[in-house]
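Colleague: Each chain, letter by letter, is given below.
There are 2 protein chains.
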Amino acid sequence: MITNEARQIFINIVGSDNYDDSKTGRLVYSYDATPQFQAMPDAVISPRNKEEISKIVQVCNEYNIPIVPRGSGTNLCAGTCPTEGGIVLLFKLLNKIVEIDEENLTVTVQPGVITLDLTKAVEAKGLFYPPDPSSMKISTIGGNINENSGGLRGLKYGVTRDYVIALEIVLANGEIIRTGGKLAKDVAGYDLTRLFVGSEGTLGIITEATLKLIPLPETKKTILAQYQDLEAAAKTVSKIIANKIIPTTLEFLDQPTIEAVEAFAQIGLPTDVKAILLIEQDGPEEVVTRDIDRIVEICKSEDAVSVKAAESEEEAEALRTARRSALSALARLKPTTILEDATVPRSEIAKMVKAIEEIAQKYDLRICTFGHAGDGNLHPTCLTDVRNLDEIERVEKAFEEIFAKAIDLGGTITGEHGVGVMKAPYLEMKLGAAGIDAMKAIKIGLDPNNIMNPGKVFAKDSRKRVVVSK
Amino acid sequence: MITNEARQIFINIVGSDNYDDSKTGRLVYSYDATPQFQAMPDAVISPRNKEEISKIVQVCNEYNIPIVPRGSGTNLCAGTCPTEGGIVLLFKLLNKIVEIDEENLTVTVQPGVITLDLTKAVEAKGLFYPPDPSSMKISTIGGNINENSGGLRGLKYGVTRDYVIALEIVLANGEIIRTGGKLAKDVAGYDLTRLFVGSEGTLGIITEATLKLIPLPETKKTILAQYQDLEAAAKTVSKIIANKIIPTTLEFLDQPTIEAVEAFAQIGLPTDVKAILLIEQDGPEEVVTRDIDRIVEICKSEDAVSVKAAESEEEAEALRTARRSALSALARLKPTTILEDATVPRSEIAKMVKAIEEIAQKYDLRICTFGHAGDGNLHPTCLTDVRNLDEIERVEKAFEEIFAKAIDLGGTITGEHGVGVMKAPYLEMKLGAAGIDAMKAIKIGLDPNNIMNPGKVFAKDSRKRVVVSK
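Heads up: the sequence lines are chains A and B, in that order.
Residues 1 to 470 in full-length UniProt numbering are what the first sequence spells out, letter by letter.
Residues 1 to 470 in full-length UniProt numbering are what the second sequence spells out, letter by letter.
Note that these hints are calculated values from the structure, not bench results.
Small disclaimer: the values here were computed from a predicted structure and weren't measured.
For glycine and all other residues, C-beta sits at the position ideal for the given N, C-alpha and C.
Among the clues, some could well be false.
[Stated by the list, open to error] The calculated DSBU-like cross-link candidates involving lysine-lysine, where the alpha carbons are at most 35 Å apart (straight line), are:
| no. | chain 1 | residue 1 | chain 2 | residue 2 |
| --- | --- | --- | --- | --- |
| 1 | B | K405 | B | K120 |
| 2 | A | K125 | B | K212 |
| 3 | B | K125 | A | K212 |
| 4 | B | K220 | A | K244 |
| 5 | A | K212 | B | K55 |
| 6 | B | K55 | A | K460 |
[What the hints assert, rightly or not] In silico contact screen, one side only, chain B against chain A (beta carbon under 8 Å); selected entries:
| no. | residue |
| --- | --- |
| 7 | A184 |
| 8 | D186 |
| 9 | S238 |
| 10 | I241 |
| 11 | K244 |
| 12 | R346 |
| 13 | T414 |
| 14 | A438 |
[Stated by the list, open to error] Chain B residues, not near chain A, derived (Cβ > 10 Å throughout):
| no. | residue |
| --- | --- |
| 15 | D17 |
| 16 | L27 |
| 17 | A39 |
| 18 | N61 |
| 19 | E391 |
| 20 | T412 |
Assemble the whole structure, with the sequences as input and the hints as a guide.
Modeller: Shown next, in the form of structure tokens:
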């Protein structure tokens, strides 16, 4: 709840244009891309600069008001759902690319910059920002940093964390700090930069970031391999890596996903095969050609029924776009789509895919699986309906088993989507009580009043995936 | 101080063979590679497993005994000098390579493994662990992780942090946790893995680590470029990067360093030039050849007086070894060698080298400069004598100015050596009071009794570089 007094202070800070507590305004920000979670914020604030954010944080401390920093809300862990009310902080006025530094190969941005805009801006200068979450067309870089987003190129190039080298942060006490720099090497104290990457807005508010760039790869090639056997596809993945080839992208789609994607994108994907691998390599021409030739051989040796190279960049881009649309495509089939993020060491992909199939059968559910096979990051996706309470209960049990299996195989409960509210009850499966206690000690140390995105990462109780009342 | 009671408990835990409180035993571990720091520990303990370490930590908490975890003590920030007494914890019995996983491209090691042994073991399988601190022949991987060591290949491949993907840690409360996994993507909660990398043993004790490996580059080429003008050498560095070539190694040595290294290594380095660049590229044959050809052109266009390719791997290795021996070579010239670690964005290398020269002149000191020019990580090295108190005072003032200049140019007070005791008084220059407070909140949260390597990272007072009484 925001008192009239606090309300007036907020308006004095940001101006009345940038403070919205209308019912409509609040409703818009009462949910994010995560199904089953909705809660009304008390107000939506769009600060114009870090000084305003610092003041807002101080007011929130004084009046004990939760702050939920939010980019485009494309996250899938309810990380930006204001489950405890308070203010949603928008970055639409902090959306500048501050600098592209070609000498140091860095780009400095405000958090509200759209990921794809950043990508295009640096590519125009022959530079490359590799992280490419599927939501990159609408996600913001601030959201990517808070969630440590992954993407299709994670296998070869790593994730958002691997490119964040400096941050400007408004801490929970309102102090503004800068971490890191345009530096490949910096060991001055604890690595606050990486601690804040992926901390989901629970430790402070990122107001500027400097990202490492690399030279844009000279060329790129894309192939599509088709399989009548899931295991053969999974074995292909392992064999490529074991042959010491690290492709840029190594994506897996099972038959139901292919069917949905093809119905959605209509680019001529084969809908009669059990699985496809979408494989890309980038780099210098000679190397790409050599790697792709070897990959084609490996696919064939592992019983691919067809291996086809994209004949043009347009065709390749169509394939990539189709893959990125998997969630949207599946979401059309049933009222509720729950996309998960279980991740295993890549050697365990075949076992994990098989386990997901068995668990889906056991609980009589429709689970499609696709994802970043090369880095073991799978997205089992359940097509369901939140109004079917009996089925939703089975969904919950099935995913709990899927997470347990992932952990059992040396994996994790979330590879790139974050914990948020949704995964919080499962976090102990991965970290144990002692691991969670260590994280809590950091949270309490940096945000003693628990105003920074409260209720995220740490579970309040054992409540799991249930329908949240609206 | 260790009471008789605590002493007996320690002996019961590790056995009397692994507990040493003899004067000789303690003296050996009273210092590390950092000049001017020495302090006697109360005992030296060599645990045999993590369970023993957990018990030791619990005893230390109960009896308020400082713990200083130590690998080979090659650090240059007094990070392993037991300045507050207590126990030095050795990892000589935890020195196994646990597993090389060729399917997932990982290696799992105990902390006491020597870095070079690890490197050789994985290279025998065609895999590559890039971090290569100059001390790698004797340093341990545990020490590398605690200090987040860099090295000659940092420019292209990053530092230790970029390869640590999972840790087993004994926390300050004695709990044993596991972070991360054999996973390219893992966002289950805060990034404890990277928080512990570079935390200098102040947050917990690392008992096992899983490191990411990459395929061993197919080939490598090495060239030596000579300059009669420091600025031309520095400009070459910027121009190579601006041409979107990222060499593996781009090392800079000034004339006094070259002279000392040549006297030491006798491999025929030119001692009559103002600076040399040692440049290496690795990767597929075609790419290396193309990059090296372009680098040679760039060197010549920037007035290199000579550019010479190593004619064999032996010759290249001799050059690398010579570069790695710079500290040893310089250390022979005067009783005390203070090697520093100021780091700037690579675009500022020329300004920084010039500033160091001017500061050395101003304070009438002999400062040689060499380092990893490609990533802006310079090692200005002062040849002095701790017994000359007047000169040491000037050394202190000179380095303070060097750090201030580095910060001013967007750099940091330490690129790869860590803070330890030595840099602690300067840390605020980089982070500000608010940044240090944030780090202290983490420290207090995770180690409330301050038993984990106390006195490191955080300065007790404004005492700077002074001779510590023995």
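Colleague: None of the hints should be skipped; say for each whether it holds.
Modeller: Results for each hint:
no. : hint            : in the structure
1   : B:K405 - B:K120 : violated, 39 Å
2   : A:K125 - B:K212 : holds, 31 Å
3   : B:K125 - A:K212 : holds, 31 Å
4   : B:K220 - A:K244 : holds, 17 Å
5   : A:K212 - B:K55  : violated, 42 Å
6   : B:K55 - A:K460  : holds, 31 Å
7   : A184            : holds, 4 Å
8   : D186            : holds, 5 Å
9   : S238            : holds, 6 Å
10  : I241            : holds, 7 Å
11  : K244            : holds, 4 Å
12  : R346            : holds, 6 Å
13  : T414            : holds, 5 Å
14  : A438            : holds, 6 Å
15  : D17             : holds, 30 Å
16  : L27             : holds, 29 Å
17  : A39             : holds, 22 Å
18  : N61             : holds, 15 Å
19  : E391            : holds, 27 Å
20  : T412            : violated, 5 Å
Hints 1, 5 and 20, counting from the list given before, are not met by this structure.
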